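**Student:** Start from the sequences, fold in the hints, and give me the full structure.
Here full-length UniProt numbering is used: the first residue of the sequence shown is 1, the next is one more, and so on.
I should point out that these hints are in silico values taken from the structure, not numbers from a laboratory. Please note: incorrect hints may appear among the correct ones.
[As the list claims (entries may be wrong)] Quick list of simulated restraints, FRET-style, between CB atoms: (1) 52 x 195: 34 to 40 Å; (2) 65 x 26: 20 to 26 Å; (3) 26 x 101: 21 to 27 Å.
Everything numeric in this text was worked out from a predicted model, so none of it was measured. Glycine residues also receive a C-beta, built at the ideal position from the N, C-alpha and C atoms.
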Amino acid sequence: MFLRGRIAFTDLETTGLEKFKLLNPIVGDLVPWSEICEIGLVVADYKTLKIITTWNAKVKINYPHRIEPKAAMVNGYNENDWRHARELRDALKAYNGLTAGATFAAHNAMLDWGFLEIAFAREELTLELGGPIIDTLETARSITESKGYELDSFSLKNLAAFLRLEPEPLPHRALNGAMLAYRIFKALRELKPKQSHDPDSSPPDNSAAGCHSC
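**Tutor:** Below, the structure written as C-alpha coordinates:
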(Lines of atoms letter the chains of each structure in order from A and count residues from 1; the text may use other names and numbers.)
(Lines give C-alpha, C1' and ligand atoms only; values in the text may rest on other atoms or scores of the structure.)
Protein backbone atom coordinates (compact mmCIF):
# COMPACT_ATOMS: atom_id res chain seq x y z
CA MET A 1 0.00 0.00 0.00
CA PHE A 2 1.50 3.34 -1.05
CA LEU A 3 0.69 5.06 2.25
CA ARG A 4 3.26 2.84 3.96
CA GLY A 5 5.88 3.39 1.31
CA ARG A 6 7.75 6.31 -0.17
CA ILE A 7 7.03 9.65 -1.78
CA ALA A 8 9.09 10.74 -4.77
CA PHE A 9 9.15 14.55 -4.70
CA THR A 10 10.13 15.47 -8.24
CA ASP A 11 10.97 18.67 -10.07
CA LEU A 12 11.58 18.78 -13.81
CA GLU A 13 13.29 21.60 -15.66
CA THR A 14 12.28 21.83 -19.30
CA THR A 15 13.15 23.86 -22.37
CA GLY A 16 9.63 25.29 -22.44
CA LEU A 17 6.04 24.60 -21.47
CA GLU A 18 4.76 23.26 -24.79
CA LYS A 19 4.47 19.50 -24.51
CA PHE A 20 3.39 19.23 -28.15
CA LYS A 21 3.40 21.55 -31.13
CA LEU A 22 1.27 21.41 -34.26
CA LEU A 23 3.77 21.85 -37.09
CA ASN A 24 1.39 21.21 -39.97
CA PRO A 25 -2.29 21.87 -39.19
CA ILE A 26 -3.36 20.52 -42.57
CA VAL A 27 -2.15 16.98 -41.89
CA GLY A 28 -2.36 17.23 -38.10
CA ASP A 29 1.40 16.89 -37.62
CA LEU A 30 1.53 17.09 -33.80
CA VAL A 31 5.00 16.42 -32.38
CA PRO A 32 6.55 16.39 -28.88
CA TRP A 33 8.25 19.76 -28.47
CA SER A 34 9.78 20.97 -25.18
CA GLU A 35 12.35 18.65 -23.61
CA ILE A 36 13.37 17.73 -20.07
CA CYS A 37 16.79 19.23 -19.34
CA GLU A 38 17.11 18.43 -15.62
CA ILE A 39 15.49 16.13 -13.06
CA GLY A 40 15.58 16.67 -9.30
CA LEU A 41 14.37 14.06 -6.82
CA VAL A 42 13.85 13.76 -3.07
CA VAL A 43 12.60 10.36 -1.90
CA ALA A 44 11.10 10.33 1.59
CA ASP A 45 9.32 7.86 3.84
CA TYR A 46 5.58 8.51 3.62
CA LYS A 47 4.90 8.15 7.35
CA THR A 48 7.91 9.87 8.91
CA LEU A 49 8.95 12.04 5.95
CA LYS A 50 12.54 11.17 6.71
CA ILE A 51 14.60 11.64 3.56
CA ILE A 52 15.77 8.35 2.09
CA THR A 53 17.76 9.69 -0.85
CA THR A 54 18.24 12.71 -3.10
CA TRP A 55 19.26 12.69 -6.75
CA ASN A 56 19.79 15.15 -9.55
CA ALA A 57 20.63 14.74 -13.23
CA LYS A 58 21.24 17.20 -16.02
CA VAL A 59 19.75 15.76 -19.20
CA LYS A 60 21.10 16.15 -22.73
CA ILE A 61 18.69 17.90 -25.07
CA ASN A 62 18.41 17.29 -28.79
CA TYR A 63 16.93 20.61 -29.89
CA PRO A 64 18.73 23.55 -28.22
CA HIS A 65 17.15 25.97 -30.69
CA ARG A 66 13.74 25.25 -29.16
CA ILE A 67 14.66 26.60 -25.72
CA GLU A 68 12.32 29.40 -24.71
CA PRO A 69 14.21 32.45 -23.33
CA LYS A 70 12.03 32.53 -20.21
CA ALA A 71 12.74 28.85 -19.51
CA ALA A 72 16.48 29.39 -19.92
CA MET A 73 16.34 32.29 -17.47
CA VAL A 74 14.70 30.05 -14.87
CA ASN A 75 16.70 26.85 -15.25
CA GLY A 76 20.00 28.46 -16.24
CA TYR A 77 20.58 26.14 -19.18
CA ASN A 78 23.86 26.68 -20.99
CA GLU A 79 26.00 24.40 -23.12
CA ASN A 80 29.00 24.55 -20.79
CA ASP A 81 27.17 23.40 -17.64
CA TRP A 82 25.38 20.70 -19.64
CA ARG A 83 28.42 19.35 -21.48
CA HIS A 84 28.45 16.19 -19.32
CA ALA A 85 24.66 15.80 -19.24
CA ARG A 86 23.20 12.30 -19.33
CA GLU A 87 21.22 10.86 -22.18
CA LEU A 88 17.48 11.01 -21.47
CA ARG A 89 17.08 7.23 -21.56
CA ASP A 90 19.88 6.76 -19.02
CA ALA A 91 18.42 9.42 -16.72
CA LEU A 92 14.93 7.91 -16.88
CA LYS A 93 16.26 4.45 -16.05
CA ALA A 94 18.09 5.87 -13.04
CA TYR A 95 14.92 7.70 -11.95
CA ASN A 96 12.93 4.47 -12.23
CA GLY A 97 15.49 2.65 -10.11
CA LEU A 98 15.07 5.16 -7.30
CA THR A 99 11.29 5.58 -7.45
CA ALA A 100 9.76 2.23 -8.45
CA GLY A 101 6.57 1.75 -6.44
CA ALA A 102 6.76 5.21 -4.84
CA THR A 103 4.04 7.86 -4.93
CA PHE A 104 4.78 10.74 -7.31
CA ALA A 105 4.66 14.24 -5.81
CA ALA A 106 5.36 17.62 -7.37
CA HIS A 107 4.22 21.24 -7.23
CA ASN A 108 1.61 21.73 -9.94
CA ALA A 109 2.07 18.01 -10.40
CA MET A 110 0.25 17.40 -13.66
CA LEU A 111 2.69 19.62 -15.55
CA ASP A 112 5.70 17.56 -14.46
CA TRP A 113 3.78 14.29 -14.72
CA GLY A 114 2.83 15.06 -18.31
CA PHE A 115 6.41 15.71 -19.37
CA LEU A 116 7.55 12.58 -17.55
CA GLU A 117 4.94 10.41 -19.27
CA ILE A 118 5.89 11.76 -22.68
CA ALA A 119 9.60 11.17 -22.05
CA PHE A 120 9.06 7.57 -20.92
CA ALA A 121 6.81 6.88 -23.90
CA ARG A 122 9.33 8.29 -26.38
CA GLU A 123 12.06 6.11 -24.91
CA GLU A 124 9.71 3.11 -24.83
CA LEU A 125 10.21 2.68 -21.09
CA THR A 126 7.64 1.91 -18.39
CA LEU A 127 7.17 4.49 -15.66
CA GLU A 128 7.25 2.41 -12.48
CA LEU A 129 5.80 4.85 -9.96
CA GLY A 130 2.81 3.61 -7.99
CA GLY A 131 -0.16 5.05 -6.14
CA PRO A 132 -2.05 8.30 -6.73
CA ILE A 133 -0.33 11.58 -7.53
CA ILE A 134 0.29 14.17 -4.80
CA ASP A 135 0.12 17.78 -5.94
CA THR A 136 1.77 19.90 -3.25
CA LEU A 137 0.05 23.00 -4.64
CA GLU A 138 -3.43 21.51 -4.17
CA THR A 139 -2.36 19.99 -0.85
CA ALA A 140 -1.29 23.44 0.34
CA ARG A 141 -4.53 25.01 -0.84
CA SER A 142 -6.65 22.39 0.94
CA ILE A 143 -4.73 22.39 4.22
CA THR A 144 -4.35 26.16 4.58
CA GLU A 145 -8.01 26.81 3.79
CA SER A 146 -9.19 24.08 6.17
CA LYS A 147 -7.10 25.62 8.95
CA GLY A 148 -8.36 29.15 8.44
CA TYR A 149 -5.57 30.76 6.44
CA GLU A 150 -6.07 32.88 3.32
CA LEU A 151 -3.20 32.99 0.83
CA ASP A 152 -3.03 35.10 -2.32
CA SER A 153 -0.69 32.68 -4.06
CA PHE A 154 0.29 29.04 -3.73
CA SER A 155 3.60 29.33 -5.56
CA LEU A 156 6.60 27.62 -4.00
CA LYS A 157 8.10 31.01 -3.17
CA ASN A 158 4.95 32.31 -1.47
CA LEU A 159 4.34 29.09 0.45
CA ALA A 160 7.94 29.06 1.67
CA ALA A 161 7.51 32.61 2.99
CA PHE A 162 4.16 31.78 4.62
CA LEU A 163 5.57 28.67 6.32
CA ARG A 164 8.75 30.53 7.33
CA LEU A 165 11.00 28.25 5.35
CA GLU A 166 14.34 29.37 4.00
CA PRO A 167 13.93 30.45 0.37
CA GLU A 168 15.23 28.28 -2.41
CA PRO A 169 18.93 28.93 -3.04
CA LEU A 170 19.97 30.42 -6.36
CA PRO A 171 20.61 29.63 -9.10
CA HIS A 172 17.51 27.49 -9.43
CA ARG A 173 18.19 23.79 -9.82
CA ALA A 174 15.77 20.91 -10.17
CA LEU A 175 16.95 19.40 -6.88
CA ASN A 176 16.31 22.70 -5.11
CA GLY A 177 12.75 22.70 -6.43
CA ALA A 178 12.13 19.11 -5.36
CA MET A 179 13.62 19.83 -1.94
CA LEU A 180 11.44 22.89 -1.43
CA ALA A 181 8.31 20.93 -2.39
CA TYR A 182 9.32 18.31 0.19
CA ARG A 183 9.93 20.91 2.89
CA ILE A 184 6.59 22.59 2.19
CA PHE A 185 4.74 19.26 2.33
CA LYS A 186 6.44 18.45 5.64
CA ALA A 187 5.64 21.87 7.13
CA LEU A 188 2.01 21.61 6.04
CA ARG A 189 1.64 18.40 8.03
CA GLU A 190 2.65 20.35 11.14
CA LEU A 191 0.59 23.48 10.44
CA LYS A 192 -1.66 24.46 13.33
CA PRO A 193 -5.16 25.91 12.82
CA LYS A 194 -5.31 29.69 12.76
CA GLN A 195 -6.83 31.20 15.90
CA SER A 196 -7.62 34.89 15.68
CA HIS A 197 -7.33 35.38 19.43
CA ASP A 198 -4.01 33.54 19.69
CA PRO A 199 -0.94 35.63 18.71
CA ASP A 200 1.12 32.45 18.54
CA SER A 201 -1.06 30.76 15.95
CA SER A 202 1.16 31.78 13.03
CA PRO A 203 3.08 29.06 11.19
CA PRO A 204 6.13 27.69 13.04
CA ASP A 205 9.63 28.89 12.15
CA ASN A 206 10.91 26.16 9.85
CA SER A 207 14.01 27.98 8.66
CA ALA A 208 16.27 25.24 10.02
CA ALA A 209 14.58 22.82 7.64
CA GLY A 210 16.58 24.17 4.74
CA CYS A 211 19.36 21.62 5.11
CA HIS A 212 19.50 19.17 2.22
CA SER A 213 20.84 16.47 4.52
CA CYS A 214 17.93 16.56 6.97
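**Student:** Does the hinted range 20 to 26 Å hold for residue 65 and residue 26 at CB?
**Tutor:** holds (24 Å)
**Student:** Are residue 26 and residue 101 spaced within 21 to 27 Å by their CB atoms?
**Tutor:** Once the Cβ atoms are compared, 44 Å apart, the range 21 to 27 Å for residue 101 and residue 26 is violated.
**Student:** Quick check on a hinted range of 34 to 40 Å for residue 52 and residue 195, using CB atoms only.
**Tutor:** Taking Cβ atoms as reference, residue 52 and residue 195 lie about 35 Å apart, which means the hint holds.
The structure fails hint 3 only (numbered hints given earlier).
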